[in-house]
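Novice: Numbering follows UniProt numbering, in which position 430 of the sequence shown is assigned residue number 430; successive positions increment by one, without gaps.
One thing to keep in mind: the hints can contain errors.
[Unchecked claim] Under the rule of at most 25 Å between Cα atoms (straight-line distance), these lysine-lysine pairs were calculated in the BS3-like manner:
1) K115 - K50
2) K115 - K207
3) K350 - K50
4) K66 - K185
5) K268 - K58
6) K75 - K26
7) K413 - K333
8) K341 - K58
9) K207 - K129
10) K421 - K185
11) K261 - K75
12) K349 - K66
13) K66 - K115
14) K50 - K341
15) K341 - K416
16) K207 - K258
17) K75 - K185
18) K129 - K115
19) K349 - K106
20) K207 - K261
21) K416 - K400
22) K400 - K129
23) K106 - K58
24) K400 - K421
25) K333 - K75
26) K350 - K112
27) K26 - K112
28) K129 - K106
29) K75 - K58
30) K268 - K258
31) K106 - K416
32) K106 - K66
33) K26 - K185
34) K349 - K50
35) K185 - K106
36) K413 - K400
37) K26 - K115
38) K413 - K341
39) K350 - K400
Keep in mind the hints are simulated off the structure, nothing from the lab.
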Amino acid sequence: MAFLAVLTADGGVPIFTRNSGEAVSKLPFAAIGSLNGVHMFTRLRNSELKRAVTPEEKIIWREYHKRLVLILITKNDACSDCHMSNLLDNIFAGMAMLIGLDQLLKPGEVMKLQKSLVICHPLVDCFLKQLDKDKGNMGDLTRTSDCLLATDTHSLQECLNQFLDVADSLYGCLLIKGKVVVASKEWWTLTNQEQNLICFYVNCLPKVLSREILIYLPTSSPQNSNRLITLNLLRDVEVCVLCSSEPPLGVLEEEAPKIWKCCFDTLKVTSSLYPRNFPSSIELDPNIICLLLIHSETNQSLCSSLTSSFATQKSTSALEIQRQQEALRTLYKLIVGTYFKNKDSEMDKKLLADNMCSSFDYGDIDYGNCQPLEYYIFLEENKCYVINEQPFQIYLVYNKMIPNYALRSVSQKTLKLLTEKNLFPEVIDSVTEESCCSFCGTKIPRDSANTEVICLQSLISSLLTSFLAVD
1 MAFLAVLTAD GGVPIFTRNS GEAVSKLPFA AIGSLNGVHM FTRLRNSELK
51 RAVTPEEKII WREYHKRLVL ILITKNDACS DCHMSNLLDN IFAGMAMLIG
101 LDQLLKPGEV MKLQKSLVIC HPLVDCFLKQ LDKDKGNMGD LTRTSDCLLA
151 TDTHSLQECL NQFLDVADSL YGCLLIKGKV VVASKEWWTL TNQEQNLICF
201 YVNCLPKVLS REILIYLPTS SPQNSNRLIT LNLLRDVEVC VLCSSEPPLG
251 VLEEEAPKIW KCCFDTLKVT SSLYPRNFPS SIELDPNIIC LLLIHSETNQ
301 SLCSSLTSSF ATQKSTSALE IQRQQEALRT LYKLIVGTYF KNKDSEMDKK
351 LLADNMCSSF DYGDIDYGNC QPLEYYIFLE ENKCYVINEQ PFQIYLVYNK
401 MIPNYALRSV SQKTLKLLTE KNLFPEVIDS VTEESCCSFC GTKIPRDSAN
451 TEVICLQSLI SSLLTSFLAV D
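Working from the sequences, and respecting the hints, build out all of it.
Specialist: As structure tokens, this is what we get:
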């Protein structure tokens, strides 16, 4: 259950409201006005109202640029507020992506803003539902890119690079079931939030053979719009490209089959990995029902459902995937922000709420200088185990048949099996790559924008030294 209201901060005028789950009816206008009135009252008293909690519900208030107030009502899950704050930050950034931050924060013209934000409703609904029945993605919660791990991706990477050349673009990725399989190295230079917003927006839209949408990159390019082009190659297989006004969409539609036809068999094989989402050659313990693996350094994650692989040998139903994803989400929200520290947000500060919550709340638990690294819990039907072994975190849900004494060893073995072959899509950070200055031999970032400046500084320093020596 979730209910969202977006209002102007100065007058409390409703911009739009959305709801999902059990919240089938809209909240009365009087109730929305009362909630906003309480927030305005505390603000006028130089105080901050961040949340209110009842035994059944939780209400979160977040204000952005003293222009918009977002009010979120959800079930009280007794988890850290950092997850709800992250959800509202994503919603605000999503609005900025689709209509532009300047337009979003422009004073006055409330009616125009209401009409402009209609395009954001599908993306907001996707965030509120948080359960993608068809795909099982969790990047909105973990702030990572959902990935599908495959072994034979070299040919797919080559085809993607060729297609990007035709599109005259540096930014693109290949999505299968909404998960990144391969991407250009420049794609990974986008902020993680921008990657997630683009992928989630593509996933929430109706499936078509091709589409062309104007979007803004809230951090990388907030002033200038970019064309987001998606082409459907096979069922649930899409290539996404960010490019300028050229070439026309029709040209890309003609070239796509020519470039990708040699990889159709590879695409089919890779697509068949779903919902397992990693190669079948990696054999895991049959008691594992589902798992979430996070690579914290590259901000990539793997969400996997394993029931069909070991139990029934039948395709896992969408309802079963939804239940497994709900279990993983609940486990993640219980651990992160309570036992494991939620990493500090790397998002652009202008996309964060004015009244941010603490990113980490231990509650009544005082660990002192100790940092929890592993966690386990026994439930009526399942057993769970979590390992935080940087740069990886793994969240595992088992059936109740696994012996208690085996949980730790099986979990550690699973983590090793999934990480030893380094199957996550390759992330090439051009900023960290180093080369040597041809003049002074100093190590400098390769392709860095300040390469010439560094070399010029070295040259000036050398000339000054020579000049002083002559004197």
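Novice: Could you run down the list of hints and mark each one as holding or not?
Specialist: Structure-based check of each hint:
1. K115 - K50: Roughly 28 Å between the alpha carbons, so the hint for K115 and K50 is violated.
2. K115 - K207: Judged against 25 Å, a Cα distance of about 24 Å means the pair holds.
3. K350 - K50: OK: K350 and K50 at ~19 Å, within 25 Å.
4. K66 - K185: 37 Å, violated
5. K268 - K58: With Cα atoms ~44 Å apart, K268 and K58 exceed 25 Å; violated.
6. K75 - K26: 16 Å, holds
7. K413 - K333: The hint holds at about 24 Å.
8. K341 - K58: Since the Cα atoms of K341 and K58 sit roughly 22 Å apart, the hinted pair holds (cutoff 25 Å).
9. K207 - K129: Cα-Cα ~19 Å, so holds.
10. K421 - K185: 20 Å, holds
11. K261 - K75: 48 Å, violated
12. K349 - K66: Holds, because 14 Å separates the two Cα atoms, which is no more than 25 Å.
13. K66 - K115: This hinted pair holds, its Cα atoms lying about 21 Å apart.
14. K50 - K341: Holds, at about 20 Å.
15. K341 - K416: Measuring from Cα to Cα gives roughly 23 Å; hence the hint holds.
16. K207 - K258: OK: K207 and K258 at ~22 Å, within 25 Å.
17. K75 - K185: 40 Å, violated
18. K129 - K115: Answer holds: K129 to K115 is near 23 Å, not above 25 Å.
19. K349 - K106: 18 Å, holds
20. K207 - K261: With Cα atoms ~21 Å apart, K207 and K261 stay inside 25 Å; holds.
21. K416 - K400: 23 Å, holds
22. K400 - K129: 28 Å, violated
23. K106 - K58: Judged against 25 Å, a Cα distance of about 30 Å means the pair is violated.
24. K400 - K421: Roughly 29 Å between the alpha carbons, so the hint for K400 and K421 is violated.
25. K333 - K75: Roughly 13 Å separates the two Cα atoms, so the pair holds.
26. K350 - K112: 22 Å, holds
27. K26 - K112: Holds: K26 and K112 sit about 22 Å apart, inside 25 Å.
28. K129 - K106: Given pair K129, K106 is violated - Cα atoms ~29 Å apart, limit 25 Å.
29. K75 - K58: Holds. K75 to K58 sits at ~6 Å (cutoff 25 Å).
30. K268 - K258: Roughly 17 Å between the alpha carbons, so the hint for K268 and K258 holds.
31. K106 - K416: Not satisfied, since the Cα-Cα distance of roughly 51 Å exceeds 25 Å.
32. K106 - K66: Roughly 11 Å separates the two Cα atoms, so the pair holds.
33. K26 - K185: Since the Cα atoms of K26 and K185 sit roughly 44 Å apart, the hinted pair is violated (cutoff 25 Å).
34. K349 - K50: 18 Å, holds
35. K185 - K106: 35 Å, violated
36. K413 - K400: Holds. K413 to K400 sits at ~19 Å (cutoff 25 Å).
37. K26 - K115: 19 Å, holds
38. K413 - K341: 24 Å, holds
39. K350 - K400: With a Cα-Cα distance of about 46 Å, the restraint between K350 and K400 is violated, given a limit of 25 Å.
Going through the hint list in order, the structure does not satisfy hints 1, 4, 5, 11, 17, 22, 23, 24, 28, 31, 33, 35, 39.
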